[in-house]
Amino acid sequence: MTTTTGMRDAFAHTLNAAFEQDERVGLVTAVISADRFAAAADRFPDRVVDVGIREQAMVGVAAGLTLTGKRMVVHTYVPFLVERAFEQIKLDFTHQGVNPVLVSIGASYDDPSMGRTHQSPGDVPLIDTLPGYTIHVPGHAAEVEPLLTAALAGDDPVYLRLSTRENATPRPVGQGLVPLRRGGLGVVVAVGPVLDQVLAATEGLDVTVLYTATVRPFDHAGLRVAVDAAAPNVVMVEPYLRGSSSAEVATALVDVPHRQLGLGVLRDTEVHAYGLPTEHDAVHGLDPGGIRRALIGFLPA
Amino acid sequence: MRTDTASGYRDLPGLIARMAGDEKHEQAATSTLDVLWVLYDRVLRVDPAAPDDPGRDRFLLSKGHGPMAYYAVLAAKGFIDPSTLDTWLTFDSTLGYHPDRTLVPGVEIGSGSLGHGLPIAVGQAIGLTAGQRVVVLVGDGELDEGSNHEAIAVAGRRGLANLTTVVVDNDSAMHGWPGGIAARFAVEGWATATVDGRDHDAIERAVTADHPDAPLAVIAQIREA
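Chains as they are written, first to last, in the working numbering: chain A, 1 to 301; chain B, 1 to 225.
Hints are supplied without guarantee of correctness; some may be wrong.
Here are some chain B residues the structure puts well away from chain A; computed CB gaps all over 12 Å [stated by the list, open to error]:
no.	residue
1	D100
2	G117
3	A121
4	A125
5	A151
6	G180
Estimated spans, in silico, between C-beta atoms of each pair [claimed, not checked]:
no.	chain 1	residue 1	chain 2	residue 2	range
7	A	G69	B	H175	49 to 59 Å
8	B	L103	A	T251	46 to 56 Å
9	B	G159	A	T149	46 to 56 Å
10	A	R24	B	W177	27 to 37 Å
11	B	D53	A	E23	19 to 29 Å
12	A	R43	B	P13	28 to 38 Å
13	B	A183	A	Q175	42 to 52 Å
Computed footprint of chain B on chain A; a stretch qualifies when at least three of its residues, placed anywhere within it, have a C-beta under 8 Å from a C-beta of chain B [as the list claims (entries may be wrong)]:
no.	region
14	57 to 63
15	67 to 80
16	198 to 207
Since the hints were made in silico from the structure, they are not lab data.
Note that CB positions come from ideal geometry on N, CA and C, so glycine has one too.
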């Protein structure tokens with residue numbers, strides 16, 4: 001049994017096993033993580049391909065393989081996958097009526113020492129402009145395998161956003177919004193790897209805390225149930241651009257007078273700084289103290 | 001009097017004439033006409049009765065501009081009912097300025113934004129069997145898009161012998177230079193040939209020439225005023 005130590009390892013372990021089990025499954029990457037799939041590329045050269053540092057070709061080639069009947073994973077560092085090759089994702093897949101499993105690493109600012117060029121806090125809302133995508137934001141390496149396995153078995157478009165930031169323990173996935181605490185002043189939704197910060201921030205507060213690793217499709221019914229049992233004050237805490245799910249909350253509560261607050265990466269500034277992820281959390285108000293201050297300011301006294 | 005059973009090269013101008021309103025792309029349409037005809041009449045193993053046959057060859061019109069010639073050839077070959085040509089550009093029509101694979105049987109890709117077909121063709125050539133041809137038509141102007149050159153390099157390194165790129169060269173590229181198109185493919189390991197884009201026999205010979213262990217680029221020159 002292979003021991004995995006992080007989301008990227010879990011991704012590689014799961015996908016390498018899938019290559020053996022399902023001849024439809026393939027991968028195109030652009031150097032990033034290629035070493036983890038080198039043996040598979042030798043064994044399955046017609047479906048495991050490293051195109052070099054060519055992200056447009058990476059997506060286009062993967063689309064071509066999909067048009068021959070393969071279930072293709074497309075993988076590289078997040079800004080080069082989602083932002084650099086976005087038109088290819090939009091036209092080579094969505095417009096052609098075929099779908100990929102996009103898997104990124106790097107998240108919003110997993111490694112700030114790399115600088116802004118390697119940060120992509122806008123990836124989730126950008127993918128959300130395309131119809132039909134399931135978007136997974138796992139919070140623990142153990143959540144990756146079930147999400148990826150389900151994605152590979154289907155034909156729908158999936159975006160799996162991996163991160164080096166993890167919660168201490170895995171949580172259930174594939175079940176919509178999972179209640180972890182119950183309270184009366186409002187509902188706080190933690191997405192993926194921000195859960196531990198949210199749990200720390202809400203310690204002692206009379207709020208419901210929900211967890212999800214899947215933000216699209218959004219669990220409208222689950223949110224509605226939680227709001228029915230608490231004051232209609234909803235806080236979304238997302239590890240990418242703040243407010244990315246505001247429209248989903250509004251849709252879920254379209255006939256319920258409610259207040260909502262979106263926490264996440266700042267929209268009105270580009271942070272020119274290196275350092276550590278935790279230091280960037282503090283800038284964006286995603287550290288436990290920042291989240292708690294925002295909650296106390298938002299929730300009724 | 002011609003009927004809706006038109007089926008020959010001589011019928012193509014009449015079929016094209018049923019579509020009006022794309023003067024902007026008229027040169028693009030007429031430039032590709034002979035290459036398209038030769039491919040569908042002499043080269044591609046495709047069947048209008050089974051347009052989704054997994055064993056078929058693939059043709060990708062990457063340069064989606066000026067598709068009247070493409071639609072006319074598809075109509076002449078039975079993929080499209082010729083009466084559909086009369087509807088083009090209307091809301092209920094399956095035929096627009098740029099082809100949509102989800103609307104037209106036999107159209108392998110939706111195109112229009114330039115520089116997408118060749119990378120997709122590379123993926124198809126990797127995924128299909130060696131005996132299945134993948135032919136992609138690009139324009140010389142379209143080769144200005146850098147995405148093509150990512151794909152050209154990948155195809156050359158992988159030696160994709162089942163891949164053919166036909167470049168319809170009507171001298172519309174910015175910053176082009178004589179011989180430059182073939183040279184750019186050749187330097188990445190492609191076999192190349194340059195032909196008169198109106199000479200059907202020359203096009204056929206070039207596209208069907210043996211090119212083991214390398215993809216093939218055929219530059220079809222159109223030098224009319």
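Hints and how they fare:
1. The claim that D100/B lies off the interface is violated: its Cβ sits roughly 8 Å from the closest Cβ of chain A, which falls inside the 12 Å cut-off.
2. For G117/B, the non-interface assignment is contradicted: its Cβ lies about 8 Å from the closest Cβ of chain A, within the 12 Å cut-off.
3. Not every CB of chain A lies more than 12 Å from the CB of A121/B, the least distance being 6 Å, so the non-interface label is violated.
4. With a closest Cβ-Cβ approach of about 7 Å to chain A, A125/B is found to fall inside the 12 Å limit, against its non-interface label.
5. Not every beta carbon of chain A lies more than 12 Å from that of A151/B, the smallest distance being close to 5 Å; the non-interface claim is violated.
6. The claim that G180/B is not at the interface with chain A holds, since no C-beta of that chain comes within 12 Å of its own (minimum 21 Å).
7. With their beta carbons about 39 Å apart, G69/A and H175/B fall outside the hinted range of 49 to 59 Å.
8. The supplied range of 46 to 56 Å is broken by L103/B and T251/A, whose beta-carbon atoms lie about 31 Å from each other.
9. Separated by about 34 Å at the C-beta atoms, G159/B and T149/A break the suggested range of 46 to 56 Å.
10. The given range of 27 to 37 Å is broken by R24/A and W177/B, whose C-beta atoms sit roughly 44 Å from each other.
11. Separation of D53/B from E23/A is about 20 Å and conforms to the stated range, judged on CB atoms against 19 to 29 Å.
12. A hinted range of 28 to 38 Å is violated for the C-beta pair R43/A and P13/B, which are about 52 Å apart.
13. A beta carbon spacing of about 58 Å between A183/B and Q175/A contradicts the range 42 to 52 Å that was offered as a hint.
14. With a cut-off of 8 Å between beta carbons, the region 57 to 63 of chain A has 6 residues touching chain B; three or more are needed, and the interface restraint holds.
15. Residue count for the region 67 to 80 of chain A with a Cβ under 8 Å from a Cβ of chain B: 4. That meets the three needed, and the coverage hint holds.
16. Check result for the region 198 to 207 of chain A against chain B: violated, 0 residues qualifying (beta carbon to beta carbon below 8 Å, three or more required).
Checked against the numbered hints listed earlier, the structure breaks hints 1, 2, 3, 4, 5, 7, 8, 9, 10, 12, 13, 16; every other hint is satisfied.
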